[in-house]
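Colleague: Line order of the protein sequences matches chains A and B. Residue numbering for the first sequence follows my numbering, starting at 1 and increasing by one per position. Residue numbering for the second sequence follows my numbering, starting at 1 and increasing by one per position.
Certain hints may be false.
What the hints assert, rightly or not - Straight line, CA to CA, 16 Å or less: simulated EDC-like cross-link-like pairs of lysine to aspartate or glutamate:
| id | chain 1 | residue 1 | chain 2 | residue 2 |
| --- | --- | --- | --- | --- |
| 1 | B | Lys147 | A | Glu148 |
| 2 | B | Lys142 | A | Glu143 |
| 3 | B | Lys42 | B | Glu115 |
Source of the hints: derived by calculation from the structure; they are not laboratory data.
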Amino acid sequence: MYVAVKGGERAILNSHKLVAEERRGDPALAELDVRQIVEQFRLAVDRVMTEGSVYDPELAALALKQAQGDAVEAIFLLRAYRTTLPRFAVSRPIETRRMAVRRRVSAAYKDVPGGQVLGPTYDYTHRLLDFALAAEGGVGAPEADLAEETLPDAMPPVLDILDGENLIEREFADREGESVFDLTRESLSFPAGRDQRLQNLARGDEGFVLGLAYSTTRGYGGSHPFVGEVRLGETAVEITPEELGFSIEIGDITVTECQMINQFKGTAEKPAQFTRGYGLSFGHGERKAMSMALVDRAMRCRELGEDALYPAQDEEFVLSHSDNIEAVGFVTHFKLPHYVDFQAELELVRRLRAEHATRVGRDGELREAAE
Amino acid sequence: MTAQAAIKDGDAGIADRRRWMGVLARAGREELEEAWTALPSKPAHRFMRAPEIGLVMVQARAGGSGNPFNLGEMTVTRCALRLDSGVVGFGYVQGRDKRRAELAAAFDALLQTPETRDEVLRGVVEKLAAAQAERRALRSRKAASTKVEFFTMVRGDNPR
Chain A
1 MYVAVKGGER AILNSHKLVA EERRGDPALA ELDVRQIVEQ FRLAVDRVMT
51 EGSVYDPELA ALALKQAQGD AVEAIFLLRA YRTTLPRFAV SRPIETRRMA
101 VRRRVSAAYK DVPGGQVLGP TYDYTHRLLD FALAAEGGVG APEADLAEET
151 LPDAMPPVLD ILDGENLIER EFADREGESV FDLTRESLSF PAGRDQRLQN
201 LARGDEGFVL GLAYSTTRGY GGSHPFVGEV RLGETAVEIT PEELGFSIEI
251 GDITVTECQM INQFKGTAEK PAQFTRGYGL SFGHGERKAM SMALVDRAMR
301 CRELGEDALY PAQDEEFVLS HSDNIEAVGF VTHFKLPHYV DFQAELELVR
351 RLRAEHATRV GRDGELREAA E
Chain B
1 MTAQAAIKDG DAGIADRRRW MGVLARAGRE ELEEAWTALP SKPAHRFMRA
51 PEIGLVMVQA RAGGSGNPFN LGEMTVTRCA LRLDSGVVGF GYVQGRDKRR
101 AELAAAFDAL LQTPETRDEV LRGVVEKLAA AQAERRALRS RKAASTKVEF
151 FTMVRGDNPR
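Given the sequences, and given the hints that come with them, work out the whole structure.
Modeller: This is the structure we're talking about:
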């Protein structure tokens, strides 16, 4: 059967024009400036940077503007853009312990050196719509309070300083100098090392990772977690350009880090201890960092000798489905023309129905004959 | 001349250069333009590598102190230029602003030049560093204002 495979160019071009008009909205209203998005939609920008896996607030804001605020579409745009750029270097691992902290809380220890610092959080807001934000004239320029003193220059990780009894697992670097898995250059491979799992989770869809994290605490993973620490702040990025031969700082990035601790019953070889899950995101991404930490811990089941019984513990399931760009690509491709496929399926269903009818008819005749 | 040779010729220690490059990398476009405009004489320079936008893969450590993993990339602009004197300056700055990378490289070259180093250190680098320290302190003091002061629910023990 002949099926048209060309055509639609004009429709597509006009669809682009229609999108452009709808994106702009009412032209009587001022157009959004990318810098306004950076400043006033910062948490959306942070999510796009994290899952787009490129730290660049202006680019993420541009992507959000272009995508009419659709986070996943914006993430797609950012991922596509990065493929056009060369890679200059790989940084030295950032040192979150030297972070210029703006928020740091622990749910496990009350008295931590430097204190519990709430920072800019929605945690203790009432979640009532604030109509003042919709009022004409806006909110002006609200000002935060200033303490007399700054916070300490560096705040050591809570878990490292408060666990004198070794009740909490330590994280050691014992693979220094070995190559680090990079999903931008290699396909997923199983069994996956923790480096691959952490990179995948860091780029993974927030909703997907959040849902899996939730499942681990509801009986699908046997997790009873405590937040050892959540911290937000700025960390220097250091590279060693070949032509210089020494390391230099190229700027600061904002990151959110979560150290989650979880009970571990112990094995014949290892006594009971709290184990750790780790989460890290670009910008202020606390929900993501916490979810990542829980799923990281769930996927450590193999190394800790636990049975992998639930979806969050199944690294192949988690890593293969966490990437929203891959997921979107596959799920939404079904709306593209499948005319030929569908014709073939129609033919098949017609034939099966015809066979069914024949069979029923024959069976009917046989039944009648038997009666 | 290689960068290392320039350092030796300029007699600036690597520690000094790392510091000023870090300060220049964190400086805003306007701050750098202003400092450049204020220079009494602007040296001629040629690009060895015109400003170029690329990526740096940012690594972090599992648990903050464990084995490294790739967190995600960041945009970076780099530039290399040579003054007429032969001194080579490098600029590596976060983001996609080519002019910022160029100015950072130009200042890096001037800072390796003995005749201009002290003036640029005092007039540019120290000022930028002070502004950066002030911004950081301001952010930190705002955060410090949200520190929780626990008090026990015992009569007479509450803070007033």
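Colleague: Broken hints, numbered, in rising order?
Modeller: none
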